[in-house]
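> These protein sequences, in sequence, are chains A and B.
Numbering follows the numbering used here, in which position 252 of the first sequence is assigned residue number 252; successive positions increment by one, without gaps.
Take any residue in the second sequence, count from 1 to its spot, add 314: that is its number in the numbering used here.
No wet-lab data here; the hints were simulated from the structure.
Keep in mind it's a predicted model, so treat the numbers as computed, not measured.
Positions of the beta carbon are idealized from the N, C-alpha and C atoms, including for glycine.
Among these hints, one or two may not hold up.
Straight-line Cα separation of at most 30 Å, DSS-like style, residue types lysine-lysine; simulated pairs [unchecked claim]:
| hint | chain 1 | residue 1 | chain 2 | residue 2 |
| --- | --- | --- | --- | --- |
| 1 | A | 243 | B | 520 |
| 2 | B | 746 | A | 243 |
| 3 | A | 243 | B | 357 |
| 4 | A | 20 | B | 357 |
| 5 | B | 781 | B | 746 |
Partial list, derived from the structure: chain B residues whose beta carbon lies under 10 Å from chain A [claimed, not checked]:
| hint | residue |
| --- | --- |
| 6 | 376 |
| 7 | 387 |
| 8 | 427 |
| 9 | 506 |
| 10 | 677 |
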Amino acid sequence: MLFRVLICIILSLMQNVCAKEPITPIPLTMDLNPDKVALGQLLFEDKRLSHDNTIACVSCHDLAKGGTDQLSHSIGINDTEGDINAPTVFNSGFNFRQFWNGRAATLEEQVHGPIHHPKEMGSHWIEVINKLKKDQAYLKKFKALYPQGIQIQNIKEAIALYERSLFTPNARFDQYLRGNHKAISSDEKKGYTLFKQYGCIACHQGMNIGGNLYQVFGVLNNYFEQRGNITQADLGRFTVTGKEYDRYRFKVPSLRNVEITAPYFHDGSAKTLKEAVDIMAFHQLGRTIPEHEKQLIVIFLKTLTGTYQGVLLK
Amino acid sequence: MNKIFTNIVTVLSVILLIFLYQKTQLVDTEQHNQVISTLGTLKQLEAVWINQVLHSRLALNNNYDAMADTWITLETTHQRWQDFQLKRIYGENIAHAEYQKTAYLAQITKRREYIEQFKSVNAILSNSVRYFPTAVSELMRLEDTKLLVGDVNALLSAVLRYSLLPEKETQIQKLIDNLQEKGALSEQDIRSQINIIASHARTILKYRPYIDAILEQINILSTAQKIDLLTTTYVNLQDARLNESTPYHQMLMVFSGLLLLLILFIAYRLRVSYTALNRANQQLKTANDTLEQRVTERTRILSHTLEQLKDSQMQLVQSEKMASLGQMVAGLVHEINTPLGYVKSNIQLIQTIFSNLKHVLQEYRALIVNIPDHISNGKKLKTQIEEFDELKEDDSTGEELLKDALYGLKQIFELVINLKNFSRLDLSNISKVDLHEGLNSSLLIAKHLFKNKITINKQYGDIPKVKCAPSQINQVFLNLLTNAVQAIENKGSIIITTRVKNDHVLVLIQDNGKGIPKKVLPKIFDPFFTTKDIGEGTGMGLSISYKILQEHGGNIEVTSQEGKGTTFTVSLPTGI
Ligand SMILES: Nc1ncnc2c1ncn2[C@@H]1O[C@H](COP(=O)(O)OP(=O)(O)OP(=O)(O)O)[C@@H](O)[C@H]1O
Ligand SMILES: [Mg+2]
Chain A
1 MLFRVLICII LSLMQNVCAK EPITPIPLTM DLNPDKVALG QLLFEDKRLS HDNTIACVSC
61 HDLAKGGTDQ LSHSIGINDT EGDINAPTVF NSGFNFRQFW NGRAATLEEQ VHGPIHHPKE
121 MGSHWIEVIN KLKKDQAYLK KFKALYPQGI QIQNIKEAIA LYERSLFTPN ARFDQYLRGN
181 HKAISSDEKK GYTLFKQYGC IACHQGMNIG GNLYQVFGVL NNYFEQRGNI TQADLGRFTV
241 TGKEYDRYRF KVPSLRNVEI TAPYFHDGSA KTLKEAVDIM AFHQLGRTIP EHEKQLIVIF
301 LKTLTGTYQG VLLK
Chain B
315 MNKIFTNIVT VLSVILLIFL YQKTQLVDTE QHNQVISTLG TLKQLEAVWI NQVLHSRLAL
375 NNNYDAMADT WITLETTHQR WQDFQLKRIY GENIAHAEYQ KTAYLAQITK RREYIEQFKS
435 VNAILSNSVR YFPTAVSELM RLEDTKLLVG DVNALLSAVL RYSLLPEKET QIQKLIDNLQ
495 EKGALSEQDI RSQINIIASH ARTILKYRPY IDAILEQINI LSTAQKIDLL TTTYVNLQDA
555 RLNESTPYHQ MLMVFSGLLL LLILFIAYRL RVSYTALNRA NQQLKTANDT LEQRVTERTR
615 ILSHTLEQLK DSQMQLVQSE KMASLGQMVA GLVHEINTPL GYVKSNIQLI QTIFSNLKHV
675 LQEYRALIVN IPDHISNGKK LKTQIEEFDE LKEDDSTGEE LLKDALYGLK QIFELVINLK
735 NFSRLDLSNI SKVDLHEGLN SSLLIAKHLF KNKITINKQY GDIPKVKCAP SQINQVFLNL
795 LTNAVQAIEN KGSIIITTRV KNDHVLVLIQ DNGKGIPKKV LPKIFDPFFT TKDIGEGTGM
855 GLSISYKILQ EHGGNIEVTS QEGKGTTFTV SLPTGI
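Modelling step: build the complete structure from the supplied sequences, incorporating the hints.
Structure follows, in structure tokens:
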């Protein structure tokens, strides 16, 4: 018994000695085939991927709006309102799984989803490929990059590659992590310390500050009972695995660029960061955070806004 | 018939070879090795993965990125495994291996689910354990909580102990209920803080044993054994395949051995015919070579003959030239000789007459003294004799003039004799010749070239007469002298030396002219080689000279120093 305690103490000491920050910066560059990225962008912005040629990926993932649509629930074809909030496509390549409930393993796999979703693009592959094949420019571009030409797999790969190119390095906080201590103010540093002390860091960690584990929404206090009106989308991973254990379980979202991706949560219920922090503190940590500390955490979260192609996101 | 048979045999053996080869190719060792190494990678990755789980449990890992990355690597490795064409590598008998593979994938998927659970639970548990003491001190900081101190502390130490060693759960449950009961009557803020503490304590109670259970499950679900089994299965399949292909291997060996023998035999046959061919070729080549040799030989002889022809033509021209020159000179000599003869005898006659006249006049003078002036014409006579005396005063002059004339004539005679000598040579054949004579006559002919600028230095030695054609030898001397004169630009001298050396007579003609450049030296004996202006030289002089000496069994040599001068040495055999 004593021996075990000792080991624990020694280990926790060791942890302090070689203390590493639980958050790591985003790499400044990535090696991606620029031609495929360019083709992926064309597809991402192409409305022909939807049944009635009205909606492109970019309609719901507008880079000018932080890679989201800034709506609580997305609006798909025929002005249909979706069931869930659209997460940002920025840095989605760093997530261990895609979608709130992680039902797609990779970005490639994910592409299938919105194209077929009746409330999003309402189309299917045969339709999409037929439309694309009528376009000489696409025929040429695909032929140049993929020997087999226009195929499902190749469309998926090009789009996924484009999405991987949507990474946002050099946030002020990343600069701080890289050793520039002046990159963030002392209040922002305090905010970071509180973020760690309160235990947000237990879930929001790693390079993407989230995006690498699942967690029940409402660990210590049931969120959905309080909110009421539970929908299919609220079941989270339960809809994927069918296991009671996974009810209300979601992929912990990345907090990168969180300043510009409001509204928050899968239901888009939190309109401001302060609200989101409040909800997190109560439901995930079982605590209440004093007003001024909340403020500090919020200003810390705002240091996570990165740059895309060298320009700070807005 | 024979040919058809050969063709059939060839086709059949190729087909057999391909068949045997394919049968032996059944065993793809490289692919098999890759499959085995993929399994090895999987095992290793899983070990890493579990290590990362334990690190997270002990809070040595402070984020889950590494774990997530390992899973992605595992998935891509699974994909690689999936991509192997196992049926091609191991044949149709892979049902069992496939079953084992499915079992493995199911297990690792399950393991992964537990690991995901671990990540969730670990985060929550560590948060609550870390927060719990803070939560308690936050409660104690509130007013009117003194009554609760004992219960709170009991709960705190029980929970912390529990977090290390999950035992006595019910006791802690009681402590929680106790605290909540006691606080029920307190102020709102105390109550809610107690609730927070309670909920965290319950979270710890719930998740602390849970995480142990998860870790145990993760441990149980280790796939290492399954991977080992799979490895064995694949290795067995591979062995079976190897066994299956062994007879084919042997057959292939035997067959290729036979083929090798056949090829050796063919090679031997080829070699034999090649040797024969080679020999024939060799013969042909020899014949060719001989032919070529003969042709060159012929060409050489022909060109030699041509050269000889050219030479004799040149000689012919030369002797023709000399012959006509000789005839002309002979005619000229004859024409000059006749008048010259009587001019000479006349002048000699005049000389005699003149001296007789002198005597007569002296007699007269003696007589005239005695003659008186009044005698008729006496006076006239006297004056005439005196006049003559006046003339007498110059009588030496008169005699001198005649002497001079005679000398001149003698010189003309000499020239004519020399000309005669020179031309006679053409007519004459070989005779004993005094070379000095030849040199002198050549000098005389060349005299007009010397003008004032050249002095001749004769150093004649004691040499015997030489058997030769004097006209030709003289021509040699004349050529050499002409060249020497032409080589001297301003003033200079020519030294002519004669001497005996062994059984040869040497004639050296040495000038101190401009000399001959080294580059030019080997060419000077070539016909038509000249460095002189058109009209001045034909380039034939030395070549003819050379020719002449060759014919006499003699030689002509040259030494020269540019800027200093040239020496030509003519040597002629004395002849006995
Ligand atoms: N004594 C010499 N000094 C310098 N050069 C000489 C002398 N003798 C001959 N040579 C060189 O050799 C060349 C050949 O002489 P060769 O007597 O054969 O012909 P040539 O004097 O040029 O003409 P040709 O004698 O027919 O009038 C001359 O042109 C001259 O350059
Ligand atoms: Mg000459």
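> A separate judgement is required for each hint: does it hold in the structure or not?
Verification of the hints:
no. : hint          : in the structure
1   : A:243 - B:520 : 19 Å, holds
2   : B:746 - A:243 : 147 Å, violated
3   : A:243 - B:357 : 29 Å, holds
4   : A:20 - B:357  : 29 Å, holds
5   : B:781 - B:746 : 4 Å, holds
6   : 376           : 4 Å, holds
7   : 387           : 12 Å, violated
8   : 427           : 8 Å, holds
9   : 506           : 8 Å, holds
10  : 677           : 149 Å, violated
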